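Chemist: So you can see what is in the structure, the chains are spelled out below.
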Amino acid sequence: MNIIVYLIPVALGLGLLGLLAFLWSVNSDQYEDLDGAAHRILNDEDKPL
Amino acid sequence: MTDLTFSPDQGCPSGLEPASDAPAGDMTAFVRRKNGLDTLTLSVRGAKCGGCLSKIEGAVTDIPGVQQARMNLSNGKLLVSWSDGDLANRIAERVAGLGYGVSAFSEDASAQSAKSEERRLLISMGVAAFALANIMLLSVSVWGGHGEMGETTRTALHAISGLIAFPVLLFSGRHFFQSAWSVLKHGRANMDVPISLALTLAFGVSVWETAIGGAHAYFDACVMLLFFLLIGRFLDARLRRQAHAAAHDLAALQNRSVNRVSASGQMESVRAEDVTKGDLIFLAAGERAVIDLKITSGTSSVDESLVTGESLPRAIQSGETLYAGTVNLDRPIEGEALGDASDSLLSDIAGMLEAGEQKRARYRKIADKAVSLYVPFVHTTAALTLVAWLMLGASPREAIMVAVATLIITCPCALALAAPVAQVVASGRLFRKGTYLRSGDALERFAEIDHIVLDKTGTLTLGTPALVSEHRDELRLAAQLARASRHPLSRAVAAAAGAGPLADDVREVPGLGVEGWIDGARYRLGSAEWVGVESAANMTGPSLWFAPVEGDPIRFAFKDQLHEGADTVIADLKAQGLGIEILSGDTESAVAEVAAALNLSDWRAKVSPQGKVERLTELNAQNKKVLMVGDGLNDAGALAMAHASLAPGGAMDVSQSASDAVYSGGLKAIRSVLNVSKRTRQVMVQNFGLAAAYNFVAVPIAVTGNVTPLIAAIAMSASSLIVTLNALRINASSSA
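Chain order of the listed sequences is Y and Z. Using our numbering, the final residue of the first sequence is 540, and nothing's skipped along the way. Using our numbering, the final residue of the second sequence is 771, and nothing's skipped along the way.
If you are wondering where the hints come from, they were derived from the structure by calculation, not from laboratory data. As the structure is a prediction and not an experimental result, all values here were calculated from the model. Just so it is clear, CB atoms sit at the ideal spot from N, CA and C, and this is done for glycine as well. There's no promise every hint is true.
[Said to hold, decoys possible] To give a feel for the contact side, a few chain Y residues facing chain Z, derived at Cβ under 7 Å: (1) A502; (2) L510; (3) F513; (4) V517; (5) D520; (6) D526; (7) H530.
[Unchecked claim] Simulated restraints on C-beta separations: (8) Z:P202 to Y:S516: 13 to 23 Å; (9) Y:S516 to Z:E649: 47 to 57 Å; (10) Z:V296 to Y:S516: 50 to 60 Å; (11) Y:S516 to Z:A631: 56 to 66 Å; (12) Z:K150 to Y:L507: 22 to 32 Å; (13) Y:S516 to Z:A194: 23 to 33 Å.
Using the sequences plus the hints, can you model the full thing?
Modeler: What follows is the structure, given as structure tokens:
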């Protein structure tokens with residue numbers, strides 16, 4: 492059972508990583524334009540030759 | 036000259052919204068300096084699809100000097116930054132030139148705070164989700180190891196859960212605690228009081244149980260409660276912010292700048308709110324007046340359709356009064372401001388809007404009614420449970436545990452999700468149909484409608500006259516003159532003829548007509564007087580005369596045509612048992628004709644904006660739940676007064692912000708809004724029914740002391756899931 496001494500912190504650490512990623516995405520305005528993002532992926536950034 | 040032919044390059048390529056031809060105002064006053072760059076935020080109307088994104092961003096970025104252009108499709112804001120120079124107006128004109136409506140946007144403090152409130156809720160929700168996932172990981176081990184796990188291990192796992200739950204409870208729970216505290220201070224209670232109580236008690240009891248090495252801790256239930264409640268809270272905040280944006284658009288209209296002529300004759304661009312009574316204002320051709328003016332010099336014709344509902348332009352000359360919202364068509368005029376922007380007709384209407392909004396704020400939502408029944412029930416049950424167990428000889432610890440379990444399991448997770456989820460799903464469905472909802476509770480009001488009041492011009496009809504006469508050869512010639520004019524009848528002629536050349540030396544006399552040379556001959560197009568015909572009294576409806584070189588002048592007749600499918604929609608709504616009437620500011624003959632075509636017997640013509648409000652008040656007094664549909668400035672007051680209101684996408688900004696929803700794509704939207712909202716209300720009532728049924732099962736289990744943390748977790752998530760899935764059925768239904 493001693494293994495949980497390592498496993499629980501590892502699990503918490505991974506969860507924390509996910510939480511930090513979420514906080515970053517909120518603070519960089521990624522939830523401001525949910526409709527636009529869906530369309531933007533289809534836009535071709537390259538100009539035709 | 037303006038190109039008057041239809042171009043598919045104009046406006047939204049998806050066809051969801053008609054292209055706008057309104058010119059952009061002066062934006063210089065709204066430029067902000069940020070990090071060494073000039074920035075400007077524009078409100079863009081009519082951008083609905085991904086094509087618009089690349090079109091607008093591409094066109095603006097192509098302007099030399101522009102550093103960045105970012106369009107937000109969800110709220111229609113375009114943020115542009117550039118390094119140097121006076122680019123504001125070029126940018127605005129470029130976007131307007133693509134066929135979108137443009138106005139300057141300056142964010143107010145309340146919009147900022149609504150945005151940060153929404154963001155705080157989202158972050159709290161994320162933190163609660165993180166905590167829930169990790170506590171569940173530990174709880175599942177405790178439940179799975181039941182009977183085998185040693186007491187020390189179990190207590191250790193409980194303690195870790197508690198250590199995760201505590202900061203999260205303080206952080207994510209603060210929304211509920213703060214709100215509960217602020218009302219408790221004033222001796223009142225709201226929904227957050229029982230929520231805070233349940234959260235605190237569940238946490239407190241769990242800490243106590245952990246400390247004495249007990250088997251059951253409710254840390255998971257505590258955080259799960261928090262997570263589900265925050266989802267509901269967040270969805271609600273998001274819907275409310277959208278609604279707030281609508282009100283803000285009214286302010287954006289007031290933000291328009293005007294050209295003021297100073298004492299020395301210099302022209303300067305100032306914000307509308309800086310204008311004071313007596314200032315001399317210059318109104319360019321095609322510009323919309325934002326304050327009431329008294330004309331001092333110049334003659335022109337003006338389009339007052341949004342002010343009075345009258346579909347034809349009116350010739351004006353100096354000495355006459357022009358109301359805010361009027362569009363100057365032909366030539367520049369100068370006028371004296373009759374008052375500040377706050378005294379204008381537009382502001383009177385804004386006052387009416389406020390009165391309407393206050394009336395609506397008193398509306399009691401289904402959710403409020405459910406909560407007011409629910410809260411006393413939960414607390415009484417928990418208190419009675421505690422007393423009963425004590426009387427039956429249980430130890431205080433045992434009795435408190437059972438009472439707290441009752442409180443946790445009856446806590447209104449499902450109730451908090453029942454309404455917001457249904458509203459979010461329904462507003463998403465309407466959005467895809469081209470209807471944009473302004474507030475969540477509007478759906479409930481739409482569902483109660485039993486009487487519909489319709490405006491005529493621009494709502495039942497297209498609002499622009501269309502040519503009905505057959506004169507092919509003459510039309511081709513007349514169009515060469517008509518293409519040079521902004522007059523709506525000229526535009527109708529040009530539209531009927533399609534693209535083509537322009538006559539030479541075209542001259543326009545406001546209120547009379549146009550004159551030009553084609554192949555060396557002089558032609559005239561305009562009023563009867565202009566071509567020298569005795570005005571015939573027996574001719575009804577708007578008409579235009581065309582005088583060729585030889586022969587008698589020819590008359591082009593026009594008609595404001597009904598929206599396609601208007602008759603079937605009206606017949607359908609009538610069949611549903613709804614009362615329908617027309618309330619128009621237009622002439623009696625015009626309204627009578629439309630009423631006859633739609634088979635409606637109840638109509639009123641020549642109604643003033645005040646008259647419309649009075650009619651609505653009268654209907655309200657008869658206890659009718661009225662749906663008002665209208666587009667003009669003259670409808671805005673009535674729209675705000677109605678139980679629920681709709682405005683077409685081409686409506687004036689004020690009317691759009693006065694209504695609960697804005698639709699595009701014709702009158703059939705009215706039918707689909709009513710159907711979807713009825714469906715939504717049905718689902719919401721079902722959801723509250725499900726929440727009640729859940730309690731019917733859960734409460735006896737809890738009161739008899741059979742609830743363990745495992746049962747609480749399953750019951751709570753199952754009820755929330757069922758309610759959410761039920762709300763998704765709004766999307767699946769094929770009707771409407």
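Chemist: With reference to the structure, classify each hint as holding or not holding.
Modeler: Hint by hint, here is what the structure shows:
no., hint, result
1, A502, "6 Å, holds"
2, L510, "4 Å, holds"
3, F513, "4 Å, holds"
4, V517, "6 Å, holds"
5, D520, "9 Å, violated"
6, D526, "5 Å, holds"
7, H530, "3 Å, holds"
8, Z:P202 to Y:S516: 13 to 23 Å, "21 Å, holds"
9, Y:S516 to Z:E649: 47 to 57 Å, "52 Å, holds"
10, Z:V296 to Y:S516: 50 to 60 Å, "51 Å, holds"
11, Y:S516 to Z:A631: 56 to 66 Å, "58 Å, holds"
12, Z:K150 to Y:L507: 22 to 32 Å, "27 Å, holds"
13, Y:S516 to Z:A194: 23 to 33 Å, "32 Å, holds"
When each numbered hint is compared with the structure, a violation occurs for hint 5 only.
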